[in-house]
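Chemist: Residue-level listing of the chains:
Protein chains: 2
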Amino acid sequence: MVPILNQHTGLYIDHYELTMAQGYFLSGMKEIPAVFDYYFRKNPYDGGYVVFAGLEELLVSLQDFRFDGTACKYLSGLGFDSSFISYLEAFRFRADIFSVKEGEIVFPQEPSVRVEGNLIETQLIETLLLNLLNFNSLIATKAARIRQAAGDSQLMDFGLRRAQGLGGIQASRAAVLGGFDQTSNVYSAFHFGLESSGTMAHSWVQSFADELNAFRTYAGIFPDHCILLVDTYNTLKSGIPNAIRVGLEMEKRDRKLLGIRLDSGDLAYLSKEARKMLDRAGLGYVQIIASNQLDEYVIKSLKEQSAPIDSFGVGTALATGKGSGALDGVYKIGMVDGRPTMKVSDNVQKSNLPGRKALFRFRDERGKLMADGIALEDEKEFGIIYHPYEQGKKRNVTGYTGEKLTGKVMEQGKILVGKQTPGMIADRVSAGLNDLPEEHRRFMNPHIYTVGISGRLHTLKEKLVNSGNN
Amino acid sequence: MVPILNQHTGLYIDHYELTMAQGYFLSGMKEIPAVFDYYFRKNPYDGGYVVFAGLEELLVSLQDFRFDGTACKYLSGLGFDSSFISYLEAFRFRADIFSVKEGEIVFPQEPSVRVEGNLIETQLIETLLLNLLNFNSLIATKAARIRQAAGDSQLMDFGLRRAQGLGGIQASRAAVLGGFDQTSNVYSAFHFGLESSGTMAHSWVQSFADELNAFRTYAGIFPDHCILLVDTYNTLKSGIPNAIRVGLEMEKRDRKLLGIRLDSGDLAYLSKEARKMLDRAGLGYVQIIASNQLDEYVIKSLKEQSAPIDSFGVGTALATGKGSGALDGVYKIGMVDGRPTMKVSDNVQKSNLPGRKALFRFRDERGKLMADGIALEDEKEFGIIYHPYEQGKKRNVTGYTGEKLTGKVMEQGKILVGKQTPGMIADRVSAGLNDLPEEHRRFMNPHIYTVGISGRLHTLKEKLVNSGNN
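Chains as they are written, first to last, in this note's numbering: chain U, 71 to 540; chain P, 71 to 540.
If you're looking for bench data, these hints aren't it; they were derived computationally from the structure. Misleading hints may appear alongside valid ones.
The list treats identical chains as one, so a pair stands whether inside a single copy or across any two.
[Unchecked claim] Think about it this way: if two alpha-carbon atoms lie no more than 30 Å apart in a straight line, the pair counts; the simulated DSS-like pairs of lysine-lysine are:
| id | residue 1 | residue 2 |
| --- | --- | --- |
| 1 | K420 | K392 |
| 2 | K438 | K370 |
| 3 | K112 | K392 |
| 4 | K373 | K420 |
| 5 | K342 | K438 |
| 6 | K100 | K326 |
| 7 | K370 | K420 |
| 8 | K307 | K533 |
| 9 | K463 | K533 |
| 10 | K100 | K322 |
Please build the complete structure, drawing on both the sequences and the hints.
Modeler: Following this line, the structure appears as C-alpha cells:
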C-alpha cells in the first residue's frame, strides 16, 4: 500500500502539534523519550466490540511523513521559528510502534497501539494516527455488524456517493476488512486491490425508448455479468416481466441472466414476488440483489422475514458509520522521560492509564474470548485483574495464559510487518468474531466484555491518582 | 484551488458508471445528449435549509478528470473493451454545467446543479459529483447551524482527529464556508487558504515536572499567542490559579495572556468560575475558550446559561455532521436525446422532475426569501407554483419577479466562474441566512420553505406520470 495523499504529508496534522513541537524544540526537550497510547472509550453503534483497522495505512503514512519544501515555506509564513523549520525539513518519523494486528477484535480502554520515541515525533503524529485508526475501525466495525446480519449472502459496498468526501476511499477498504465482498468504488478497488462491481442505474433504462430495449442492449453487451435494475417504472408489472423475457432470450444464446436488482419499495414483499415469478419462468438461477437504505437492522429484518435476497448493496449506512459517525479514540501520553504520567480529569472515564503497557487476551477451554488484561510491558503472570476505573470490580484469571496481542510493528520508523491483503485481514476479523461469544456480538444491549488491568498497573494508577500533582 | 487527489482521477467513480459508459459506447449511443440534475430530498439535522457547497472542488475535479495510463491498464485488466479503453484514454469532460452559487441557501427538491453533455460524460461523473456536493453541503450546513447558535463568538474547527478519514480535509473548508473562523487542520488551511490555530494538549502539561512550569515555558516561547489548557489536573484548584500566576508574570514583561481553555467538566459552571477568578486577578482581558463534545445544541444551551465563553472549539459533531452523517443528494436524468424523462418510483418522493430546469427565487417586499420556483429553462413569468409531489398544494406568486439562481458555471469542460476565497463564500452564506426568515432557521420543527414547480413543468410531469411507459 502507498499513502493516498502523496505530497505535503507532514501537514496532515493539527496546528497545536506544531506549536508543541516548536515548544519542545526551543526549550531543549526534543530528545526526551515519551510513550503514547491509542485507545477508545466506547464501542460504536451501542455494540459490544470494535474491529481494529487502519494500521497498514498508518504505518505507510508515517514512513512517508515529510515536511517538503512547499510545506516548510508555508509554515515559515505562519511565523514558526526558522531553526524549528530547518528541523522539520530534515524530520523523519523514527519512533517504535507496538500494536495489535489489523483486523483484531478490541474493546474500550485497551491500548491497542503504543508509540515510543522522542517527544516531538510522538506528539506530531497524534492527529494523523487518530484520524486513520478511528475512521478505519469505525467502518470495519460497521461492516462486520452488517456481515453478521447478512449471514452468507453477498455484500456489496455502494457507499461512495454519500460517503464523507475522500473518506469514501478508505471506507471501501474498511468495508472489505469487515466482511464485504465487493465495492462499487473503482478508486479504492484500484488502490487497495479490492474487487469492484456494478451494472446499471435508472438512467440507463431511461436512456432507451423503453425498458425492454434497455435490458436487451445491456444483455447483449454484458452477456456474462448481466444484472438488470427492475424498478425504474413498475417492478412487478414491467421490470420483472421484461427481465424474464430477456433472461429467456439469453438462454437461447446459451447465456444466463445473472440477476435482477430491486432498489425501491418493500424489499421483503418484492423479493418474494420476484422469486416466484422468476422460478415460474424456469429462471431459478437468477439472483435477487437488493439495495436502498440498507443497514444491519434492515438486513436482519429481511432475513427474519425469509426474503429470498442473494445479495445486498449497502451504501450510506456503511460508508458513514450510521448510528455513530465517529469512533472516540484518543492518544494519550503514558510515560515521559521514564516517568509514568496520567491526566486526572473531572471524569474518571477520561483518565488515561499510566506507564508502558501491553495488552493480553485470555481464552476459555474452547478457545473463546474470556477477558483481556492490560498490564505493564514486562509482566508475564496474572492473578486478579481490576476494572480500569470502577472500584471493586475485579476478576481472577489465575491459571490462564495471557496471549500478548501487542507486538512491535515499526522500529525506528521502519515497518517490520509484511504487507497483508484485505482478504487476509478479513479472515482475521471473521475468525476473531467467531471466537467472540454471541452475547458480546448481539445488537441489543450486548454483554460487556471484561477488560481488566493488572495488579501492578492498578497500584501504579492509584499512586498517581493519590499524589498531589501527577 | 487544485484537486486534492492528483492522480488516477478518473477512477474516483462507481463501477456501474463504467459499465454503462461502455454500453453507450458499444451501442453507438455515446453522442446522445443528456441532462442530469443534482438535488436532495430532505434537509439534514431535521433542519430547514441546506448551505450548498462543494461547487469549486467539483469544477476543478472535472477539469482534472483523466484516465491516465495506469488507470487504463487497470481497467483493461478488469475486462473492459479495448476500443472503450482507447476512448477513455482520450476522454476529457466537455459538458456544460449550470449551478447555483457556492454558499447559496437551497431546499429539498431543488435542482441546484444541471449537467448537459453527452450520455457518457454526464453519466461517468455521477458519483464524483454526488460525493463532493453531498459532503461539502452537509458540513457547511452543520457549520452554519453551529454559527447560528454561537452568535458572535469565535468558532474553531477541531474535527480532524475524528473526521471520516481524508474527508476531514474537505470538512474544514466547509466549516469555514458555514461560518467558522479557524481550523486546527493544517493541511486544509494550506490547501484552501484557511486560518489555522492551536496551542497545547494535555500531553504538553504532562511533559513537565509540574503544571506551572509547563505554562511558564509555553508563555516564554509563545508570548503573543498564549492559550493555556487548564484542566489537566484540577481546573479550579490548579489550572486556573497557575494560569493567573503566569498571566500576571507576563504582564510584568508587557505581554498579555491570550486565553485559557476548558476541555472537560461542566463548561457553564467552570467558565463562570474562571471568569470571576480571572477578573478578580485583573485579567479581565483573558479569553475563555471551551471545547469537549460541543455541537449547536450544547452551544445554544451554554449561551442560554450566559456562560462567559469567548470561543468554542468544535470537533467531531462538526466534521462528521453529527445527527445526519450524509446529505441524501441524488443525480437524476431529466432529458435524453431531447426527450424529457422521469423515473416513476413506488414512492412519489423518489420520482424526479423531468426536463431542462432552472431554479428561481421569490423575495418579499423586505427582500426576505418567500418561495422558490422550479421551472423549465425558458420560462420567465410565474403564476401559480405547485408542490412538487403533494397534490392540491399550490401558491400564487403572480406579480413577483423570480431571480434565476442557476447560471452557467462550466462550458464544454471549461470553468467560467472566477475563483472565490472561502471568506467570500462564507459572506454569501451569512447574507443568505440573514435573508431567510427565522422560522426556517430554528432547530426545533422548522417551518417548511415553499418550493413549487411551474405550471408548465407540472403539466409535463403529469403527462409523463400518466403515460404508459416513461
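Chemist: None of the hints should be skipped; say for each whether it holds.
Modeler: Quick rundown of the hints versus the structure:
no., hint, verdict
1, K420 to K392, "both (25 Å within a copy, 21 Å between copies)"
2, K438 to K370, "within (25 Å within a copy, 48 Å between copies)"
3, K112 to K392, "both (16 Å within a copy, 16 Å between copies)"
4, K373 to K420, "between (40 Å within a copy, 25 Å between copies)"
5, K342 to K438, "neither (38 Å within a copy, 51 Å between copies)"
6, K100 to K326, "between (67 Å within a copy, 27 Å between copies)"
7, K370 to K420, "between (35 Å within a copy, 24 Å between copies)"
8, K307 to K533, "between (74 Å within a copy, 20 Å between copies)"
9, K463 to K533, "within (18 Å within a copy, 70 Å between copies)"
10, K100 to K322, "between (75 Å within a copy, 29 Å between copies)"
In summary, the structure is inconsistent with hint 5 from the numbered list given earlier, while agreeing with all the others.
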